[in-house]
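The chain contents come next:
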Amino acid sequence: MTWLTFLISGTLLAATPLLIAALGEVVVEKSGVLNLSIEGMMSVGAVTAFIVVFETGNHWLALAAGGVAAIVLSVVFACVVLFALGNQVVSGLAVGLLGIGIAGLAGGSYENMTVAPMARLQIPFLSELPVIGPGLFNHPLPVYLAPLLAVVLWWALKYSKVGLVVRAVGESPESANAVGYNVVGIRFLAIMFGGFLAGVSGAFLCVASSTLWADGMVAGRGWIVIALVVFAMWRVERVVIGAYLFGAASIAELLVQSAGISVPSQLMTSIPYIVTIVAVSILSMDGKRVRLNAPVSLGRVYLGTH
Amino acid sequence: MLNILKKLAMAACVSLVAATAQAEPTKLGFIYPSPTGDVGWAKQLDLAREAVVKEFGDKVSTRVVENVAEGPDAGRVINQMISDGAKFVVLGSFGYFNDGLRLARQFPDVAFLHASGFKQSKNFGTFTARNYEGFYLAGMAGGMVTKSNTLGIVAAFAVPEVVAEVNAIALAVKKVNPDAKIKIVWVNTWFDPAKEQDAARAAISRRAGVLFSLHQDTPSVVNVGQAQKVFVVNTNSDMTSHGPDAVLASVTTDWAKYFVKEVGDKLADNFNGTDFRGGIADGTVKVVAWNKAISADQMAQIKQAEADLTSGKMHVFAGPLRDQSGTERVAEGANLPDPDIFAMNWLVEGLDGSLPK
Amino acid sequence: MRAPWMIEPRTSLPPFMSLVPPLAAVVATVIGGIALLTFLGISPGTALFQLFLTPFSSLFNLSEVLLKATPLLLIAQGLAIGFRAKVWNIGAEGQLIVGAIGGSLLPIFYNDSQNPFMLAGMALIGVLCGMAWAGIAAALRTRFNANEILVTLMLNSLALQLLYYLVGGPLRDPFGFNFPQSAMFPDVAMLPVLSSAGRVNVGLLAAVALSVVAWLFVERSLIGYKLQVGGAAPDAARYAGFKESRAIWISLLVGGAAAGLAGVFEVAGPLGQLQRVVSPGYGFAAIIVAFLGGLNAIGILFAAFFMAVIYVGGDIAQASAGVPYAVISILQGIMLVSYIAARMFVDYRVIFPWSLAKAN
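Chains as they are written, first to last, in the numbering used here: chain D, 52 to 357; chain W, 189 to 545; chain A, 6 to 365.
Just chain D, same shape as in the assembly (with noise of 0.2 Å):
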């Protein structure tokens, strides 16, 4: 493997988890629920996967189950702030503490045992080629479904109906509720819907790209998840970009170093973060753009009728 083939790779299987993640939450916070509990949620996702293929072996049924498992949390999240009205961002810091300790207690006797990583692909001529071929072309399955999922949620939010409702619901609750749609009922399900990736997120993380589990594995993603989101101004193709990006300033530290290179590593790793602040700075002073994708009742209770 040289280091143009790691670099491309290992920029892939550490964006994926985070692209699905994000995507999840794009849903979320356009139908207007600011969801901070992400971190909690891959938390879960990652302990449950982790836990089906060890008893189990099977990779598909793991990343199911640790959606499964987070949508549960998800629906917690979702009474809480649907139905008790909690303000979202509290609401969002609880569940998340929630779902990091249930996972943590899950994963006691689990705690460093190793599973055999997911299969990964062989594509017959792509595969073998020379540096790009392991690089792109020889991974697990999801890390090519991940940007498919966005090409259709992309799709689907700026074209379908479904989408069209979603946004609605997020850009005025009160319209959309007039015309005679469920808001209450849309954001559940939208909840439920990023709930479920963000499980599939933390169960790649456990059982595709590091086979091992160990409480506070998730080490903070969640966090980077919602700044991508935002980083991104709720527009999925720049979520894409974004993960990759995130992704690969990850791998570069590590490969600078091994460069012989030496790097000041914690501003390595303070990088997304700044990039984040300055990007949201500049967009938001856009008012106008800042109007045209963020949902407006982001964040904001709707009372409603229910």
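What the hints contain is simulated information worked out from the structure, not anything from laboratory work.
None of these values were measured; they are calculated from a predicted model.
Using N, Cα and C, we set each Cβ at its ideal position, and we do this for glycine too.
These stretches of chain A come out as covered by chain D in the derived footprint (C-beta under 8 Å, 3 or more residues):
(1) 283-295
(2) 324-331
(3) 339-350
Mind docking chains W and A on chain D? Use the hints.
Only chains W and A this time, still in chain D's reference frame:
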């Protein structure tokens, strides 16, 4: 008559008290910074605890609290253990230092052992492993088997213990394979398996054929080695079960003899806080799980070095030694003294990489 | 899915109702704690005792509870002021860290000093640093309209990296064998302990005093009033001439100052030095405490105390009964979720369709 009865009663009481006192097992507390699991730093401490139980049987009872975060919260855990009657506490991480020392002053009848520490008192001892000796031997093996003439080190943090290990590896490799290149990647975390694995792959992408996994508690790097068909030398426990072909050697720590001695001293009321530095010679550091890819001749060379280290004929940090900027750190014929070894913050020349800024 | 009920805001509130949510949270947490521990194989009686009663069982334990409550109380009071104005400062953790760094500079560079004013100096610098860190978010929000939730969140991670960098290099103890921590602070830099039975220090008194100040600020001052109106009815506030940018600055600076001071209390108190782990998540826990206390200065006093009991009880349960630390996170989550659920019933009337039908 009454007098005799009284004396008999006294004697009976005293012996009763003595009997119960003897029957009451001494409580030993063990505090680990991570979950015990089946491999890793905490596991090695726990194996030593089991040895203590085996040796002293009913005379002791042990309690383990694992996954205790470093910082002021640890103080509460230690205090609770003492409140529950512990007379001997093993502090399994450097980070328990401040609270440990404070409580040692408060409770002079409780004996403490502090991992990787540097301050001792009558009831507070420290223990450190000369892992660098083990890594010297493993480094020789690495230098011998690498076909690509490149080795990679995945290191957690640049604390002196780890820096000493990095230097030991470099010196050993240079001795057996002067043309070999050594790359270092600092992951700057004690704990992020995904990042550790990425770091391992980064080193492999730079043609490293042997990896040294310094202080990763999980088999993260070993797994990558197994998948990518690259040799790995890991720390703390024998990780062959996680990488049957990949593990070149495991630099393990065996605290059993040390713990048994210290507990024995405490039971005999003879405890004294010492600065224990265990290495190859006294069996604290054991390099095991040598890969069968190492030829018999090569093994013989390594065993000879091991014997030399044990007998004191050879020292890992023997002069002349220069650091990366060319300054001479150890003169010809001299050996780097212990305080300098355990405060090491420089790298020997010939390494491809530097200390993190 | 449509919920089979309607809700409308309550217009009148019997006074005792405002006690219901926190009580509900306490009850739910107690039940949740017992259930969890029983699930882990510990008898419910022991569980109840360990988690909720042992913190009161000795002077030392009580002192630990108060010690733990100090930063929670302090930060929550500061944050609550901003939250009432709907300015969401999620960056208390980072502001605490930066405050701790700032507060450590004097004791590190004047390590042999005996100057009795050092503590005051540390507090001042720490507060200013915390305010500056929060000020970044305020500046970006007022100038560029950047969402402060995002910016303060990102600043948390940046503060942590800054801390790692400083204790790993520039602020490292030259005699500390190159471990990533600073030299131990001289005695003049340490907060005096209140009683020899434990570790609780004068920081507690400061936190309580500042709670009173916070209460006065919100209930009695004009600025506090303006902040509150700005949060509750932004349009009305704007109409009345209450400047939004001023509200944002005050909210964030107050939160940053409180968190920064808490950071100084940590390094000048139980830590005694600057090291990699300065806070076990106080910044986030304080957000929960602020809400649990109903964003009310007095409520926060009780909420901080209760949260501290959970922390200490959890540690004791961990040491005595092998309960994993993860249980504490779960309990914190349960606490808040049940509080929010109960709050809903207090703030809104739930009307079931059949009661309407019956009325007809």
